[in-house]
Amino acid sequence: MRPAGRSSHRRVVNRSSQTARPGKEGPVLSEPLEKPDPVGERLARWLTWIWTAAAVVAGALWILRITGPFSVVPVVVFGALNVPVTPSLVSAILVALVAAALMRRMRLALVAVALFSALGMVVSLLILLDRWIWSLGAHGILPYGVHVALEITGILVGGLTLAAAVRARRAFPARTRPGAAWVAAAIAAVGVAATMVLAQAMIVVSTGQSWLQLRELRRVMWAAMGTHRGGWPHIDTVPPWIPELTAVLLSSTLLVAVWSLLRAGRRTERWTGDGEVALRELLARWGEANSLGWFATRRDKEVVFAPGGQAAVTFRSIGGVSLASGDPVGDPQAWPAAIGAWRTHARRYGLLLGVISASEAGARAYASPGADGAGLAVTAMGDEAVLHADRFTLGSTGMTEVRRAVRRARRDGLAVTVDRHGDLEPEDLAALGALADQWRGGEPDRGFSMALNRWGDPADGTNLVVVARTPSGEPVGLLSFVPWGRRGLSLDVMRRSPHAPNGTSELMIAELMRQAEQLGVARVSLNFAMFRSVFADADRLGAGMLTRFNSGVLGRLDRFFQLERLYRFNDKFHPEWVPRYAIYENLLTLPRVALAAGTAEGFVPDPWHRGGRGVQGHEEHRLNPEQLDQVHTIGQRLLEPASDASLLDGLGPRRTPEQQHREQHAQRLAEAGRSPWPVGIGDVQPLSAGVAALEAPGSEVRVSGRVRHRRDHGGVEFLTLSEGDAGLQVVLERAAVGRDSFDLLTRTVDLGDIVVVDGVSGRSRNGTPSLLARSLTVAAKSLRPVPFEAFEDPESRSRQRSLDLVVHPDRLTLLHQRTTVIQTVRRFLLDAGLREVETPVLNTVHGGASARPFRTWINAYGMGRSLRIAPELYLKRLLVGGYGPLFEIARNFRNEGADATHNPEFTALEAYVPWGDYTSMRHLTEAMVKAAATALYGSPVLPLADVHRERTAGETGRPGDTEPSEHGSPPLVDISGPWRVRTVTESVSEAVGQDVSVDTDIDVLLRIAREHGVPVGPAMGPGAVLEELYGELVEPSTIEPTFYCDFPVETSPLTAPHRSEPGLVERWDLVIGGMELGTAYSEMTDPLEQRRRFTQQSLKAAAGDPEAMEIDEDFLAALELGMPPTGGLGIGLDRLVMVLTGTTIRDVLAFPFVRPQQRTP
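In terms of UniProt numbering, the sequence shown opens at residue 1 and continues consecutively.
Heads up, simulated EDC-like pairs for lysine to aspartate or glutamate below, C-alpha to C-alpha not over 20 Å straight-line: (1) K930 to D974; (2) K572 to E401; (3) K930 to D831; (4) K930 to E1040; (5) K572 to D390; (6) K930 to E1076.
For the record, the hints were derived by calculation from the structure and aren't laboratory data.
Model, not experiment: these values are computed from the prediction.
Build out the structure end to end from the sequences listed, making use of the hints.
Next comes the structure, spelled out in structure tokens:
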């Protein structure tokens, strides 16, 4: 269960170099840093990595020096880089301190790097000039030439490092505290002096030499720092523990001095009520998607607002880390600005960046590159359990464990109350808070990203508390929730008495969900399960060894951190698991961020934290009466339906200048008493009527159209209206419509507006046939510009279908043709004696075809359903009942890809004729397709072409075309004669060059498939391989209408067996233009054989085949009553329109499926 939050002695709002502005804008950063330099940022990261690696090497060398021999190669390599790496504790600590300061972007660390580089250059130069304390090759460690090369390298690298330091200076903005240099110098002077005195004392005691002899002291000091001068002998007269102890003392001095020097500037920490009010206002406006948003109001957090105050990041400074939690608060469009302000704040004070418990949207925002060109790294952290009130039911079979726990708690007499904090008496609320702290016992108090850290505050009246009581009225458990937008709750505190009956927590949650609708609650965020995926993966059959090992390790830690118990408790409620992420700068900072997160959440002890513990926290931060009134007003908005006009306006999209300009025009029309979107404008003729009236000058017409062009000639305005493929020029004169009306319309009418014109046909002054307007009314103001001349991008046209139809009215012709085809098919079947029926779209069992279904949920019954993939089984049940012949034009749904011939949602025809078979259905289909072609073109012709070929925009067949069009459209081909009929086996045999059938050895078929590059699955039998060969080699090459019949039984579970060919079924596929258009069966009526085939399909589903059909017992029960011999037909009407018009499936759909765009803040 989620622990209660903790209190802290830290103040909430940290605003050094900030000013607090009351109201909506809140506090904002002042004195912004210089604009970051991406090149400088990269150089800064390189320097940090080099010095971090040097620190690790120096530490390893020091350990190796103590334990045994070590190599001097690392010393030489880093020496060439002017990094002071030696096998000593002093070197390891010095380099580590500089590396840590570089990570924190301390300016002084960059200065130190520059100084070491400059010093290294000077030393190398002196060595080359033989002016240093040792000469080239004096040690004999390296050859003379190599030593010279290394010194030259040191000079060159030093120069490059100095140049890099200058370029990267803006990436190191953090300053030290005033006077820190003097303090550090004093600490160093005193520490070194004291160390030298103590070292000399130890030498005198151990060797008996005089206090005035300093030779051994110098040797000890050099040895302590891991260096020695050339030619010096090993220290024989001094015990080895003296240099080591001296090194420890020098290291301690260095550590304290450098730590004091590199401490960041002091921040002024203060909390303001205005800042909290500003946060609550942002949550009220943009908190619907942020389940953890309310925890941003914790009063031990600091806050940085984006310029303008539309978003903010809340964080806490822990161990040199600026640790934010959850997503930024406020307008997602302003998140990047808020994140940038937070990064600037952290850089200014030398803090590392870290975020915990961010949602996917928040993680994407944090990971987006900032002004410095660098984004943050993201890693999975765990999952948040979210319950949905409309799906929660104890009656579900999956809730058995919870249901039993609730019954057990009710048998013990527990009763549950649900109240708002503000509805309870202060004394009662305080008593519950005291019980929550008492029930925590000796367990550590945990919570930061998902805990509020206060109880009973007057500002939290909208919080909700759930209390379980014994029959005597004694509380034994409580839950407290904070608001999550208007319709959600997020768990803050979960506590139960040590003596509470089993099932207390389950009962409280179940009762809250039962009352959710009454409380206006749609969703509830429960606990956060860290590393949930590890436990979930370990529970799966066949989990890997590493997964089980990780789960076992985390399970061992469960007694300390409750990781697995939290997951198991939440998982029994079957929640929606919402992933949460941790964000950090890079791998170097990850350990520091993890430590800070563990400290903040209470998993790691914080010795410096002396604040109050438990849910009640400190009383030092309170809102004043005026601020409380503002908070209560905001709280009331959260409890009421969204009706605040300013709130609704704030949630709208950002308008471009052009759109704002058009909105102003609409406002002017409204102010003049003319609605930009009037209701009931009267009878209006289509624009084509106006075009026809031009043939009879003086005719009065009232037409509508969309403004496509405008030309202003002072007192005369020329408008070109368009509607479909019709165009008409309108002449608008000041004298004809009146001065006021003319001035208003010329200032407010924009391109794309729909207008109604009353006028008389005539001619303009230059003789152009025109409609002379007497009045013009704006019927629909267009707030978006219409790019009539520049809208050709295919993806944009698919995503903005309405705009595409406006700009390219020829697309409307295809939709008209689609309507004609479907009406013709319906009329043909009705005339043939079939009855049209409708069957359910929501199915309990997915069947009727082999395809992956879409899954959905029925709230009323708490049950899963699938959208139908085919209506076949329901239609056959009607046949059993005696209702036939029949057909249905149905919308079907298959969870498959979208391409030139497929759409996940499509329209199909299924028809069934009792006493028919696949031969009679073939004759019916051929006649129906010819009738549809005749309805379009006046005769049975088709624009035959391969549907898979590349097409040009606007390519279609045109009635009457007998030659290819200028766009490359195929010519219309006569199809009035009988269509070809071929068997599958003879067609495949012809394609592969040898005889094959279902009796052909499977190895032979597999070899043929490999030779022709046809992929086959491991579980396919001969029939399935044969059909794959047909689908890859025969179907795509068939252009003229052809019926392929007699398919393998293996791939047709709903089809009757062939009457004369064992292993085959009576089925045909109609192929035109390289695409299957439809299929028909002699339907299976044997219930025993049908059950056997369904069982085979169910075994495939159990083996992991997502397209295999399930056993439909209701259908089998109906079939066992007896169904007459039947012919069945299925045709994709979308594909039929494609073939008849010579286009792709996207062209013939009003709204083809388009992959949704990723929307990021």
